[in-house]
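> Heads up: the protein sequence lines correspond to chains X and C, in order. Taking our numbering, I'd label the letters of the first sequence as residues 150 to 899. Taking our numbering, I'd label the letters of the second sequence as residues -15 to 153.
Don't read these hints as lab results, they were simulated from the structure. Keep in mind that the hints are not guaranteed to be accurate.
What the hints assert, rightly or not - Quick list of simulated restraints, FRET-style, between CB atoms:
#1 C:D101 <-> X:S311: 12 to 22 Å
#2 C:D101 <-> X:E742: 19 to 29 Å
#3 C:D95 <-> X:S632: 54 to 64 Å
#4 X:L327 <-> C:M24: 36 to 46 Å
#5 X:R515 <-> C:N96: 50 to 60 Å
#6 C:D95 <-> X:N844: 10 to 20 Å
#7 C:E2 <-> X:D257: 28 to 38 Å
#8 X:K332 <-> C:D101: 26 to 36 Å
#9 X:P416 <-> C:A37: 16 to 26 Å
#10 C:M24 <-> X:N844: 17 to 27 Å
#11 C:A37 <-> X:S894: 41 to 51 Å
#12 C:K97 <-> X:S350: 29 to 39 Å
Stated by the list, open to error - In the EDC-like style, the derived pairs of lysine to aspartate or glutamate whose C-alpha atoms are separated by at most 16 Å in a straight line are:
#13 X:K400 <-> C:E14
#14 X:K886 <-> X:E494
#15 X:K440 <-> X:D481
#16 X:K363 <-> C:D48
#17 X:K363 <-> C:D0
#18 X:K440 <-> C:E14
#19 X:K604 <-> X:E688
#20 X:K469 <-> X:E494
#21 X:K886 <-> X:D778
#22 X:K338 <-> X:D271
#23 C:K68 <-> X:E358
#24 X:K716 <-> X:D638
#25 X:K389 <-> X:E445
#26 C:K(-11) <-> C:D48
#27 X:K245 <-> X:E358
#28 X:K469 <-> X:D481
#29 X:K396 <-> X:E445
#30 X:K400 <-> C:E58
Stated by the list, open to error - Here are some chain C residues pointing at chain X (derived, C-beta under 10 Å):
#31 L26
#32 G36
#33 A37
#34 I112
The structure displayed is predicted, hence computed values, not measured ones. The beta-carbon is built from N, C-alpha and C at its ideal position, and this holds for glycine as well.
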Amino acid sequence: MKTIENVSLHVSRRGFLHGVLASGVFVLSARFIPEPLWAAEAEAAAPPFQPSLWMSIASDGTVTIVAHRSEMGCGSRTALPLVVADEMDADWSKVKIDQATGDPKYGDQDTDGSHSVRSSFDLMRQVGATGRVMLISAAAAQWNVSPKECTAESHFVVHRASGRKLGYGEVAAAAAKLPIPKKEDVPLKKRSEWRYIGKESNSLFDLPEMVTGKTIFGMDATMPGMVYASVEHPPVLGQKIKSYDDKATLKVPGVQKTLTIDTFKPPHQFQPLGGVAVIADNTFAAFKGRKSLKVEWDSSPHSEYNSAPFRKTLEATSRKPGKVVRNIGDVDAAFAKGDKIIEAEYYTPHLAHVSMEPPVAVAEYRDGKVLAWAPTQNPQAVQETIASVLGIKKEDVTCHVTLLGGGFGRKSKPDQVAEAAVLSKQLGKPVKVVWSREDDIHCDFFHSVAAMYMKAAIGADGKPTAWLQRTVYPPIGSTFDASATYALDEMSLGWNNLPFDIPNHRAENGPADFHVRIGWLRSVANIYHAFAIHSFADELAHNANKDSVQYLLDLIGPARIVPLEYKEEDADEKQRYPLDTARLRRVVEIAAEKSGWGKRPLGKGRGMGIAAHRSFLTYVATVVEVEVDSKGQVHIPNVWTALDAGTVVSPDNIRNQFEGAAVFGTSLALFGEITATNGAIDQSNFNNYQLTRMNRAPRHVDVQIVKSEAPPAGVGEPGVPPFAPALYNAVFAATGKRVRELPLSKAKLV
Amino acid sequence: MIQFKVNGQAKTFDGDPEMPLLWYLRDVAELTGTKFGCGMALCGACTVHQNGAAIRSCTTAMSDVGGTEITTVEGIAPMHPVQKAWMEIRVPQCGYCQTGQIMQAISFLKDNKNPTDQDIDTAMSGNICRCGTYQRIRAAIHQAAGHRAPTHPAPKHQPVKHKAAKETA
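Given the sequences, and given the hints that come with them, work out the whole structure.
Structural data, given as structure tokens:
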């Protein structure tokens, strides 16, 4: 049996610390001890003022850098330590990464919102630079020379005049005894001195293990003595067990027993859905036992949820005035002037995340405390959720983070980890909960279903004089407040910040009730907002007989900072990340130029479309070329994307993210649709919830990264939003058919 | 009693003969490089070799394993040109599906040493990558086949010296 100890060797070792930085975020240490045993866990969690630690050096020179964000495929676990290593002039081949457990001492650990690098770049630089300064000081003291005469060079401190060298491991112990220098005494490297940041040679830290099968994902984590569990969840949100019959289940070889999990009390938040768990010797026995389980469920207020009539409700709401979230000029007065009016409605269905690794977790409850291993984007949410469900302190929940087999926002919500903890408490032994793909699709926190209504008045020059946009969908807030019907945070995701130069503009949001769990999915509300805005922009371009790229540039208008309302907590965004139309125009121009827009014959059945959308503070323009064959099937020979994400850490990884975003975008544009019948989800696996496979994926994706010294912005999500509208605009160019709903598989193109 | 070989070692199994090979490998043999993705042979994450041919272990019952030789990604040693190409092209994002992709590609390249894009699409479309690394997978297969990578947009680079290179090279 592979034990937790050797799992931990892969993914968690923690440096023992002494020597503390004034800012409370830095420790140098010559000692390094493994610590994930139960007793040590408790000890490590105890001292309340123990400072956070981000980096330590062992006497053999091994540098251990803490990754406080999860790795779900976006590269955060590599990028942040790379920044530390760069500033301290460490040799990357001598760096180990210590994946942090959930702990508020690391600050926000939620790997979402494409903000890991954005939020931690400056701190990581400071951590690394402080290390460099202290190592230099320690070596200089040993040589009895001034630190100013010494430099750091790839894991050595070098005394220039004498040519003497000391390895980082050799001076670590002395460095740890030095006082921590003040921030102003710690110079950061010049950009020209960066050895890793922005370099093409950066690759994922875990790459060798990934290609040899040695990585430990959540699916691979084990604890000694654990049992396996598979949970039959209520098919409709909020249902409780009326009765169940497990006689046949208990006869399945390997099945030990069944247990129940209480249905959540609203709001559901990240609590377990409830249900009947089959406990078994292995995953297969648990799955098999579930097949013969008979459960009767009581009623739920959501049993009437049917997607077709719900769509009509959303659309009806979208035609009525809603809550105004941004207002410029007076659209009503402009509409009354008698200009040409164009209206259009757009619809996008629920989507499921379906990361390749379904939800899974292993947890042990012992003596009022919980130890969990999980593929989570947010280990602190694991602590909070388990603490709340079990009525224990969150400090008594230790959450180790494995690698994630994809996340896309699903794994910010740790309901399956809470299930494992609840079951372990009942059983008195560690439990591994494994969700099937069917569980994953039936019980997701779904991307919301949305209806958008758009209306514009067109002036003599073909440009809009007024633009009204209204969006309606069950909000993510309903996951936290069962009475929530209006969107909140979603408004800043491409709705209350339209970067167009239009004198009269109003953005509205209408109310909608939830009937399934709603959650974040890669780029979130930007998906439907960008789909409506950029489909509509293209409709207006064609209506005006203008070139789509030129029309888009005209809509964006001259280079300027778009005045937006910022919340108090977004002061940093206002100051460092103003919405700059010059940057948006540039990516449009680059994507258009690279694609040969308007300059090459495409042939019959082919067309190109464009969309440009800023999300997670990154400016992205995407041109999609499609070929629609005689059967109406859409092929995507080419995609060109240009992005400006400010300062970048790993450019090749960013290209990979945007290549992948084109495939993710293809999935939601061509195939993705989750529907409900009487409250239960109709789709179940990859046969009826299709994802893009290689034969339908864009054949070639070209990614251009704008060179920029602006502060770093997001890269995991921003490639997604412009893809679907660019694709649909290309389909219009190819076929003359304007499709106003996702996915395209529902439309007849020939 | 079912007798078979895994990565060259003789094994026996007397549990539920309906158990898919996938769960035997993962839960019993503790070879976790083979991944669970769908349970219905729809995604390819569980791909292993049976007598050298790629199969989906999630729908291969243990009763069909007797007398055969199973190879998992852990049994691919030393590092295969396909794995090396995967590293050089830097294919993975999350990495979860990649062992299945690699096992599929190794088997495919054994039968087709000079594949076209079309051949690769046909051979690889049973393997889903939710991160969307298909362009790089195609490039890596071409590279492993000794082709110049024609579709990969990134310039070729020497990967930085890596901490685990010794273990895996």
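> Hint by hint, say whether it matches the structure.
The hints, checked one at a time:
| no. | hint | verdict |
| --- | --- | --- |
| 1 | C:D101 <-> X:S311: 12 to 22 Å | 59 Å, violated |
| 2 | C:D101 <-> X:E742: 19 to 29 Å | 26 Å, holds |
| 3 | C:D95 <-> X:S632: 54 to 64 Å | 60 Å, holds |
| 4 | X:L327 <-> C:M24: 36 to 46 Å | 60 Å, violated |
| 5 | X:R515 <-> C:N96: 50 to 60 Å | 54 Å, holds |
| 6 | C:D95 <-> X:N844: 10 to 20 Å | 18 Å, holds |
| 7 | C:E2 <-> X:D257: 28 to 38 Å | 46 Å, violated |
| 8 | X:K332 <-> C:D101: 26 to 36 Å | 54 Å, violated |
| 9 | X:P416 <-> C:A37: 16 to 26 Å | 51 Å, violated |
| 10 | C:M24 <-> X:N844: 17 to 27 Å | 19 Å, holds |
| 11 | C:A37 <-> X:S894: 41 to 51 Å | 33 Å, violated |
| 12 | C:K97 <-> X:S350: 29 to 39 Å | 30 Å, holds |
| 13 | X:K400 <-> C:E14 | 25 Å, violated |
| 14 | X:K886 <-> X:E494 | 15 Å, holds |
| 15 | X:K440 <-> X:D481 | 58 Å, violated |
| 16 | X:K363 <-> C:D48 | 27 Å, violated |
| 17 | X:K363 <-> C:D0 | 28 Å, violated |
| 18 | X:K440 <-> C:E14 | 25 Å, violated |
| 19 | X:K604 <-> X:E688 | 11 Å, holds |
| 20 | X:K469 <-> X:E494 | 13 Å, holds |
| 21 | X:K886 <-> X:D778 | 14 Å, holds |
| 22 | X:K338 <-> X:D271 | 12 Å, holds |
| 23 | C:K68 <-> X:E358 | 12 Å, holds |
| 24 | X:K716 <-> X:D638 | 11 Å, holds |
| 25 | X:K389 <-> X:E445 | 9 Å, holds |
| 26 | C:K(-11) <-> C:D48 | 13 Å, holds |
| 27 | X:K245 <-> X:E358 | 14 Å, holds |
| 28 | X:K469 <-> X:D481 | 14 Å, holds |
| 29 | X:K396 <-> X:E445 | 14 Å, holds |
| 30 | X:K400 <-> C:E58 | 34 Å, violated |
| 31 | L26 | 4 Å, holds |
| 32 | G36 | 18 Å, violated |
| 33 | A37 | 19 Å, violated |
| 34 | I112 | 5 Å, holds |
The structure shown violates the earlier hints numbered 1, 4, 7, 8, 9, 11, 13, 15, 16, 17, 18, 30, 32, 33.
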